[in-house]
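So the chains spell out like this:
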Amino acid sequence: MHPTEVKTHECDVLVIGGGLAGTWAAIRAKEFTDRVILVDKGKISKTGASSFAAGAMLAPQSGDDFDGWLKEIVERGNFLNDQEWVRAILREQPDILDKLQSWGVKFEKNEQGKLLRVAGRAHIGTKIIMFHGSQFMEIMRAQVEKNGIALAERTMVTDLLTSDGCYPTRGRIAGAVGFNVRSAEFQIFKAKSVVIAAGGVWGDSMCVRNLTGDGIAMGFRAGCELYGMEFAHPSDGWVFDRKYKVQGMNMWQAAGMRLINAKGERFMETYVPLLKERAQKAELHLAVAKEYMEGRGPVYIDMRHFAPETWERFRRVIPNFMRVAEILKPWKEKIQFDFGTGAVNAAASGLKNNIFCETGIPGLYAAGQAGGHPGHGTYSVGGFNLASCCVGGRRAGEYAAKFSSQFEKAAVVDSQVERLGNQIYQPLSVKDGITSETLNLKIKAAAGIAGSLFRNEQEIHILLSKLNEIKSGSLHRVKACDAHELMRANELRNYLLCLEMIYTAALERKESRGPHMRTDYPYRDDIDWLKQVILQPCGEEKVVVRLKPLSLYRCSARPEKLGKISPAVPPPEIH
Amino acid sequence: MSIQQVDPERCTGCGTCFDVCPMDVFRMDKEANKAYVAYPKDCTVCFFCETECPADAIILTPEAAEKMIFPFG
Chain S
1 MHPTEVKTHE
11 CDVLVIGGGL
21 AGTWAAIRAK
31 EFTDRVILVD
41 KGKISKTGAS
51 SFAAGAMLAP
61 QSGDDFDGWL
71 KEIVERGNFL
81 NDQEWVRAIL
91 REQPDILDKL
101 QSWGVKFEKN
111 EQGKLLRVAG
121 RAHIGTKIIM
131 FHGSQFMEIM
141 RAQVEKNGIA
151 LAERTMVTDL
161 LTSDGCYPTR
171 GRIAGAVGFN
181 VRSAEFQIFK
191 AKSVVIAAGG
201 VWGDSMCVRN
211 LTGDGIAMGF
221 RAGCELYGME
231 FAHPSDGWVF
241 DRKYKVQGMN
251 MWQAAGMRLI
261 NAKGERFMET
271 YVPLLKERAQ
281 KAELHLAVAK
291 EYMEGRGPVY
301 IDMRHFAPET
311 WERFRRVIPN
321 FMRVAEILKP
331 WKEKIQFDFG
341 TGAVNAAASG
351 LKNNIFCETG
361 IPGLYAAGQA
371 GGHPGHGTYS
381 VGGFNLASCC
391 VGGRRAGEYA
401 AKFSSQFEKA
411 AVVDSQVERL
421 GNQIYQPLSV
431 KDGITSETLN
441 LKIKAAAGIA
451 GSLFRNEQEI
461 HILLSKLNEI
471 KSGSLHRVKA
481 CDAHELMRAN
491 ELRNYLLCLE
501 MIYTAALERK
511 ESRGPHMRTD
521 YPYRDDIDWL
531 KQVILQPCGE
541 EKVVVRLKPL
551 SLYRCSARPE
561 KLGKISPAVP
571 PPEIH
Chain C
1 MSIQQVDPER
11 CTGCGTCFDV
21 CPMDVFRMDK
31 EANKAYVAYP
41 KDCTVCFFCE
51 TECPADAIIL
61 TPEAAEKMIF
71 PFG
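As you go down the protein sequences, you meet chains S and C in turn. Start counting the first sequence at 1; every next residue gets the next number (the numbering used here). Start counting the second sequence at 1; every next residue gets the next number (the numbering used here).
Derived from the structure by calculation, the hints contain no laboratory data. Note that the Cβ used here is the ideal one computed from N, Cα and C, for glycine as well. Please note that a few of the clues may not be correct.
Each computed DSS-like pair below joins lysine-lysine, with the alpha-carbon atoms no more than 25 Å apart [unchecked claim]:
| # | chain 1 | residue 1 | chain 2 | residue 2 |
| --- | --- | --- | --- | --- |
| 1 | S | Lys43 | C | Lys30 |
| 2 | C | Lys41 | S | Lys442 |
| 3 | S | Lys548 | S | Lys510 |
| 4 | C | Lys67 | S | Lys442 |
| 5 | S | Lys431 | C | Lys41 |
| 6 | S | Lys479 | C | Lys67 |
| 7 | C | Lys41 | S | Lys243 |
| 8 | C | Lys67 | C | Lys41 |
| 9 | S | Lys542 | S | Lys444 |
| 10 | S | Lys7 | S | Lys190 |
| 11 | S | Lys431 | S | Lys471 |
Cβ-Cβ distance ranges computed for the label pairs, FRET-style [said to hold, decoys possible]:
| # | chain 1 | residue 1 | chain 2 | residue 2 | range |
| --- | --- | --- | --- | --- | --- |
| 12 | C | Glu63 | S | Gly256 | 25 to 35 Å |
| 13 | C | Arg10 | S | Glu408 | 52 to 62 Å |
| 14 | C | Thr12 | S | Cys166 | 51 to 61 Å |
| 15 | S | Glu185 | C | Pro40 | 17 to 27 Å |
| 16 | S | Arg315 | C | Arg10 | 19 to 29 Å |
| 17 | C | Ile59 | S | Asp520 | 23 to 33 Å |
| 18 | S | Glu309 | C | Glu52 | 20 to 30 Å |
| 19 | C | Arg10 | S | Phe66 | 46 to 56 Å |
| 20 | S | Tyr553 | C | Thr61 | 50 to 60 Å |
Start from the sequences and build out the full structure, keeping to the hints where you can.
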C-alpha cells in the first residue's frame, strides 16, 4: 500500500540524523558543496542522544601530553581502540572546542575565565569540560540554518538506494528512501553521497526511546559490515528510586558520588580501588548488578556531601536531572540506585568505517554512534563519545562532500524504490495484528539478564532463538493505523535486527572484555582475542561472522604482556 | 505517569509542544485550536514541552511512562 503523495529530493550530500555528528557533518559538507540535505525523524536540536547529553565532553588542549592521553584512553578501551582515530580526536578536538565557543556554546569556566577541565568517569590524566544543558544542540541547529543547509525534519529514512538496486550491493550509493512521520508522505532522496549519523541502538534504555539503530540496520541491509556489536551494554538509563530515569552520571562522578550497598559498604572500593565510583560505566553496571544478585541490595547513591556550588553547577549543566532532584532531594537523602536494562551500543560498535569515515559501500559514510566511535575501544573514558561525534561528524562531512564533487550521481533503480516503499507501508495494511507497543514488550521480556549483562553460551542461544521467533512470528503482524505508528513499526524492525546482531557477536567473543561479560569465559584473553568481531551481511538479513586481528605493529599503546586477565568485577556468585 | 495532558483552559494553540517533542506525542486539534496528547505511551519525560510552553499548560509527572524491569533483584 503506497500513499499517493511522493516527494523527491536531489542533493550532493545527504546527512541522515541531526544530532551532534550529523549537524557537524552537514556544516562541514556545506563548506565544499552547495546541495546538502540534513534529514531527521525528529526536530533538529531536540532529537537523538545528543540533545540529552549530560554535559561531558573530552577536552584535550594543545600542550597536553597526548601520548599519555592516548595510553589512558586505549587502556580504558581494553586495547581494541583504533589508535589512528584516537590521535585524530586529540589533534582535532582543540580546534572544534574553539569553534563551539565562538558559536556561543556555554561551558563551565574557571576563575580566570578559561574552560574548566575536570576528571570524571575513568579519567586520571585525561579531562572533560562541561557544557550547559540543551543549548548546545540549539546552537548547532542555528549554525545549520545560518549555513543554508536544507532540512527535512520529522522524516524517517528507512533504507538506502544502491546503484545496482541490490542488497547487499556491489555498486555504490544512490540515495535513500523514507517517509514523513506525520503525513506518511513517501520521500525519495537522490544523493551522490550519504552520511549515516542516525545514532546507536538504545531501545528503551534512556530518556530517548526512539534510538532504534535505524542507521546501523539500514547500512547493514545495504551491505555494510558491523563491528564490536557485542560491546552493547545498558547505558545511561540510571534509575533513581525505581521510578525516575535520570542522566548526568559523568557530572555526579566528577563531583564525588558514592555508591553504598545495604550493608553500608562503599563496594566500588573493593572492585576498582584506584577510581572507586569514578570507574568505567561497565564496571559500575557489573558491580551494582553483582551487589543485588549476591543479596547486598538495595544499592544507594549518596550525594549528601556535595557542596552547594555543585548543585548550582548541576542546575546549569544538567537541568533535567535537577527537575527530578527537586522531588527526591538527594542533598538530604541517599537514593535507591538501579539502571535500566536492555542492550545499548554506546561503545565501539556500529557500521565499520575507516579514518575517512568510509564504509565498504562507495559514497556511504558513517559518523557518531552509528559509526561506532572506532577510537573508543570497548568504551574508554567519559566524554569520548561527544568528542568523537564532533571530530567524526566533521570528517564524514568533508570526505562525503569531496566524494560527491568527484563523481556523477548514480541512477536510482525504480524497482528498488518500489520494493522498499512496499516494505515501509506494509504495517498499514495489517488488519488483525498486534501493536508496536506489544511487540516492544515482547522484545523486552525476551532479553532478561543475558540481554543486559552476564552472558553465557546457553543463554545467548536461548535469547537468539526468542528473537528469531519474534522476528518470524510477530514482526510482519505489527499493525499501524497512522504515520506515527508506522514509524514505531519501522523502528522496531530495525531494533530487532540490531539486537540479533548484538547477540550474534556476543556468542562469538569467547572471553570477557569491558562491558562484554561472559560467565563461561570470565577473563580477558589478550592471547586469542585482541580481535574485532565483524558481521558481514550476505542477503535476506543473514550474516557471516569473521574475526579481524588487531595490527599490534601499528599500535603505540599495547598490553604490557599478553595473557589472561581477571576482570575488575568478577561474575556474581549465586547461591 | 509521565505526560498527563495539555490543560485546555491554558493552551493557546501556539503549537510549541507539537514542535519540540522528540517523540512526537502531541497533535493539534485544529477546530478547537488546542494541542492534545495523542501518543501518551511514547513520552520519555524529557521536559522540553514543559520548559518551552509559554502558557504553562503542560501537566506532567517525572516518573517514567513505561514499566521498568529490574532483573537483578
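Range hint compliance [Cβ, threonine 12 of chain C to cysteine 166 of chain S, 51 to 61 Å]: holds (52 Å)
Hint check for glutamate 408 of chain S and arginine 10 of chain C - Cβ pair distance inside 52 to 62 Å: holds (56 Å)
Agreement of lysine 43 of chain S and lysine 30 of chain C with the hint, judged by alpha carbon distance not exceeding 25 Å: Judged against 25 Å, a Cα distance of about 21 Å means the pair holds.
Restraint status (C-alpha distance of lysine 431 of chain S to lysine 41 of chain C at most 25 Å): holds (22 Å)
Cβ separation of glutamate 63 of chain C and glycine 256 of chain S, checked against the hinted range 25 to 35 Å: holds (28 Å)
Hint check for proline 40 of chain C and glutamate 185 of chain S - Cβ pair distance inside 17 to 27 Å: holds (25 Å)
Range agreement (Cβ of aspartate 520 of chain S with Cβ of isoleucine 59 of chain C, hint 23 to 33 Å): Since the Cβ atoms of isoleucine 59 of chain C and aspartate 520 of chain S sit about 50 Å apart, the hinted range of 23 to 33 Å is violated.
Proposed proximity, lysine 67 of chain C with lysine 479 of chain S (alpha carbon, max 25 Å): At roughly 22 Å apart (the allowed maximum being 25 Å), lysine 67 of chain C and lysine 479 of chain S satisfy the hint.
Supplied distance hint 20 to 30 Å, evaluated on CB atoms of glutamate 309 of chain S and glutamate 52 of chain C: holds (28 Å)
Agreement of lysine 41 of chain C and lysine 442 of chain S with the hint, judged by alpha carbon distance not exceeding 25 Å: Judged against 25 Å, a Cα distance of about 16 Å means the pair holds.
Supplied distance hint 19 to 29 Å, evaluated on CB atoms of arginine 315 of chain S and arginine 10 of chain C: Hint holds: Cβ distance 26 Å, inside 19 to 29 Å.
Pair hint outcome, lysine 7 of chain S versus lysine 190 of chain S [Cα-Cα no greater than 25 Å]: Holds - the C-alpha atoms of lysine 190 of chain S and lysine 7 of chain S are around 11 Å apart, at most 25 Å.
Consistency with the previously given hints fails for number 17 only.
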